[in-house]
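Generate coordinates for the entire structure from the input sequences, incorporating the hints supplied.
Take the position in the sequence shown, starting the count at 1, then add 161; the result is the number in our numbering.
Hints in this document: simulated from the structure, not taken from any laboratory. Where a beta carbon is used, it is the ideal one built from N, C-alpha and C, also for glycine. Check each hint, because a few of them may be wrong.
[To be verified] Now the in silico label distances, taken between C-beta atoms and shown as ranges:
| hint | residue 1 | residue 2 | range |
| --- | --- | --- | --- |
| 1 | Leu250 | Thr175 | 20 to 26 Å |
| 2 | Phe182 | Leu327 | 23 to 29 Å |
| 3 | Val388 | Thr200 | 28 to 34 Å |
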Amino acid sequence: MSVSEALFWLVLTTLLFGGAFWLYRTFPFVWTLPILTVTAAVIVILSISGTTHAAYMAGGQYLSRMLGPAITAFAIPLYQVRHHVRKFLPEITLGVGIGTLIALTSDLLLGLLLHLGRATNLALLPKSVTLPVALAISERSGGTLALTATFVLVTGLVGSIVGPRLMTGLRIRHFVGRGVGLASIAHVMGATKSMSLDQREGAVGLLTMVLTAVLASVLAPWIIQIVY
162 MSVSEALFWL
172 VLTTLLFGGA
182 FWLYRTFPFV
192 WTLPILTVTA
202 AVIVILSISG
212 TTHAAYMAGG
222 QYLSRMLGPA
232 ITAFAIPLYQ
242 VRHHVRKFLP
252 EITLGVGIGT
262 LIALTSDLLL
272 GLLLHLGRAT
282 NLALLPKSVT
292 LPVALAISER
302 SGGTLALTAT
312 FVLVTGLVGS
322 IVGPRLMTGL
332 RIRHFVGRGV
342 GLASIAHVMG
352 ATKSMSLDQR
362 EGAVGLLTMV
372 LTAVLASVLA
382 PWIIQIVY
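Here is the structure:
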């Protein structure tokens, strides 16, 4: 593919996101979330034009490479409320450990109960981890990358929508409990949702997302070895 074609897909995706972001700001509903509308628009465009995913990723790869720096940029709001995080660091660490262990083991057990194939089950394993790390875990363990991306997207979306309401219904009001709970299941989407509700909760969520990714990278190979 030529450079101009790759640049076309890069620019088109960026413009689509700009339009989707405006749409969500104007009509803030679940179904107008940019991650949904942009994904749907790209799928439709690729289907109509007959463009393969590989051809699209010639330009889209540059956006994927920005995921790492984008996550790193979350350190700024985390630094701004560092005193709150430092005060409850033991509780956050314990919550991350329990949440990560439950997320990883429950995913594998669910796959075994449903008699999923090994590649599908391993793709499901890191669904509660932020996307770049989830893809790395899935690739190294032998999971299907496309399924992993889908599972991570759906988990983050459902978790960020249902999670806050569920915790409110369960009367979980402390910002540490809410931040850890939401980010440990819905990764960056959960942390972003927490940030929109409360800066302290969001900071805890961001730290939880990072610690969950690190811990999952360490625990996943051990758990896979035990199960398989």
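Discussion item. Please list, smallest to largest, the hint numbers that this structure does not respect.
Written reply: Per hint list: single violation, 1.
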